[in-house]
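Novice: For reference, the chains in residue letters:
Protein chains: 2
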Amino acid sequence: MQLLASYLSGSWSQGQGPRASLVNPATEAPIAEVATQGHDLAAAFAHARSAGRRELAQLTFAQRGALLASLAKAIHGAREELIALAVANGGNTRGDAKFDIDGGAVTLSHYAELGAKLGAARILGDGEPIQIGRTARLIGQHIWTARHGVAIHINAFNFPGWGLCEKLAPALLAGMPVISKPATATAMVAHRMVELFAPLLPPGVLQLLVGPAGTLLDHTGPGDVVAFTGGSTTARTLRAHERMIAHSVRLNIEADSLNAAILGPDVDLASETGALFLADVVRDMTQKTGQKCTAIRRVLVPAGTEAAVFDVLRERLGGIVIGDPANETVRMGPLATAQQLRDVREGIARLASETEAVFGGTGEVTPVGVPAGKGYFVGPVVRTTPTPLECAALNDHEVFGPVTTVGPYANDAALAAQFIARGEGCLVSSAYSDDRDWVASFVGQAAPWLGRLYLGSAKMAAQSPGPGTVLPSLTHGGPGRAGGGEELGGVRGLHGYMQRTALQGDATVIKSLLA
Amino acid sequence: MQLLASYLSGSWSQGQGPRASLVNPATEAPIAEVATQGHDLAAAFAHARSAGRRELAQLTFAQRGALLASLAKAIHGAREELIALAVANGGNTRGDAKFDIDGGAVTLSHYAELGAKLGAARILGDGEPIQIGRTARLIGQHIWTARHGVAIHINAFNFPGWGLCEKLAPALLAGMPVISKPATATAMVAHRMVELFAPLLPPGVLQLLVGPAGTLLDHTGPGDVVAFTGGSTTARTLRAHERMIAHSVRLNIEADSLNAAILGPDVDLASETGALFLADVVRDMTQKTGQKCTAIRRVLVPAGTEAAVFDVLRERLGGIVIGDPANETVRMGPLATAQQLRDVREGIARLASETEAVFGGTGEVTPVGVPAGKGYFVGPVVRTTPTPLECAALNDHEVFGPVTTVGPYANDAALAAQFIARGEGCLVSSAYSDDRDWVASFVGQAAPWLGRLYLGSAKMAAQSPGPGTVLPSLTHGGPGRAGGGEELGGVRGLHGYMQRTALQGDATVIKSLLA
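Those sequence lines, one after another, are chains A and B. If you use numbering that gives the first Met the number 0, the first sequence corresponds to residues 0 to 514, in order. If you use numbering that gives the first Met the number 0, the second sequence corresponds to residues 0 to 514, in order.
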């Protein structure tokens, strides 16, 4: 069986000590192993700080962008192989796998293009020169420069391909070397990508740690950045880490998120806007088996429309074939790990104690093409409550699977915004309405709780990717429960890996620095 | 004796429990007291969250700016009274007091003008619309909206007036209600300012807690912002606070900073640039008795120039009259508290173990106009080391008083940048040179470790405020040891109190929201 190696200090090493198995979550068959100890992390940090930083400092934004373009090309060249790994190791359908892998390539290409646009510079200007003296001779000018340190990327199990790329692209373009740590259970896609990327990059620019993080954070210092995507329990551990606190290590977190979808009071379910709403809810429940940090978990509909919404959801969800995604008829695969299955079942039980069943009971399902009793499967589950703003199980706990809860409201935009706020900070939420006054009132009140707000309407329905898709040009992150972080958003994504400095001095000197 | 009250939930209340004394640090005479317990902080948070936020949400940026203008005017109207309080309670000379109080008014006025410029809006746009669909119909647009929560401001003892205003102005303009907590020992200026401000502001917009923070942070939630200026020990406690971690409460920290000044290899001490360098070093040692978070603590000069630099420093510092700042001949007052005196003496002893004396021995001084043995006085101290990059006492510990250490270097910009980096993150540093190539090489390498970089040169010398002055138009903060935070910087200062949200939807709808 393949023993996945880590790529550290310029070479592939398999580590030592006890091994952990990676399995096919549809069949529970072991497909690879990782060793959990024995890597020299101090040497890896030193390699990044010396070789990695020196190499990147020599490159302009355009040259770093060209490297990113070569990585995107490498993904395209190995696309079928990567899709097969995602199906086998992630429980992904082919569509799920493409969403992850193509999403990674798109993000690399976006930052490759941004690099070309930023051109021959290594410093970013921030705003215009500001006169700070009696005459225009003395000015202030804000600039961004690459932080002197290492970017540590700790990724989630659900997007091994996209997660690697969406953190790597802005860090590398900004000028920081990266040590990337995928979630162990689904590491095969990221591992293969780094096998493809490593020969294309200068030494020290990208390293990969497969297996437990171990003492990774013990090596961090004041110039470093740690970017984490995952659950709130791990997020708390990172925040409280002694070395992170002592050195003000920059920490970006994307954690739990109880994303909501609001159906506006003006929307007929049979209209284009209504159809968009229903399609988005069903897609977010079933794509990646609901294992998207951006998926809709909470749905609010005008009081009186619940029954019609339930009818459509029952019909659509009832037609989803669940099973081994290697089987071509399958539309929804298993959850990624046994632990995820335990967590989702526990979450459904918690919801069941406060809500009523609409579809799917507690998620029991007989999957297609799977040995009896095997696989981490759960079926789509819709629950409902008459009092969605008061329901703690709905608003305080994210169930990371194909589960959503629907409740009514009295059409008021302020109530809808209160429901958004009840999630205490989300990565994204969506509202579906063609009533501009209602939308304007809602946006002003809801936006402070959201990293992204998707406004579904008839005029954009035909070309919408849905709220669950993260685009490289728009920021990704959210306040409060969602972790308080921010990634991507075009050039904004670079800022997380750079230091803003206010330069003060003679106008001619400062302008020549940015020329 | 005056018992300073807190302004909470719309009224002034004196609290209960044991009392702490505020003293005149020149004479140690008690001049006021505060009670350390008995305030209903839960009610104060509720008042901010309900009344304060509602009032601010109704106001446009222009209207909030007009409020800030009225506060600046109130300071001007009570300027002499405030200066007298700063002299008596802060050990400030009249010049020190004006620096604090006028600095506060200038900052309020800056944000008042920004409010007028932002006009009738309540939402800030961020960048241009981005086409994200097949056609220009589907766009993304980033916006900033005021966070739904309370801004908790915990200020340092050294700038009670400016500290209150520089945090209040951007928070209030952004749209967040404030609870401000000055350092207890020097709270009289902030207390008087809030007495002046309170009648000018809508209910709940500004509250004041005088005395210990107590359980202040236990009331924070996911929409809140805590902004702290002070020492690294308290900063660590804030970062590790359970509720802050659990709710991703946004935390902005300005902590210790070993700011450096670098004399370029091209500079003759007798030149305009040389004179600027010497004046800036002497000002930063003596202004506020060296108790500025932006003061120069570390000085690097070309090898061979040390003796000439020492001659000038000895002459200038020897002429400084130290004593009770109520005495008009006095140019430098005491440190603010007994604890600061202990800390500075300990810091000088630590430096003495690794450096040689140049001026002022260990800071013993006989102050003018002070009862024998009274007051928290220390004289200016200059130390030197032949190996400034290796000296731990110099680079690892901030001595928050009139103390600086000078060392030589071999003229290389890379070495100068390494010296900056050795501080592990500074609020500000300065370089003095008229050699553009040297400056360009230095800036690229040093900027990642600095929140602000002051470039002293002949052409700007005549109108320079020195590196120690924080301007509202430029960001204030620094990476690593300096806390990793950022304040001010014009509109950038508002962002710390707002949430960035990526809107996605129909172009016409989104453009109408920002119109």
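Keep in mind the hints are simulated off the structure, nothing from the lab. Fair warning: there could be bad hints in the mix.
[Said to hold, decoys possible] Which residues of chain B face chain A? A few of them, derived with a C-beta cut under 10 Å, are:
1. Ala-56
2. Ala-65
3. Ile-131
4. His-147
5. Gly-230
6. Ala-445
Note that the Cβ used here is the ideal one computed from N, Cα and C, for glycine as well.
Novice: Next, verify each hint and record whether it holds.
Specialist: Going down the list of hints, with the structure as the test:
no.: 1; hint: Ala-56; result: holds, 8 Å
no.: 2; hint: Ala-65; result: violated, 21 Å
no.: 3; hint: Ile-131; result: holds, 6 Å
no.: 4; hint: His-147; result: holds, 5 Å
no.: 5; hint: Gly-230; result: violated, 13 Å
no.: 6; hint: Ala-445; result: holds, 9 Å
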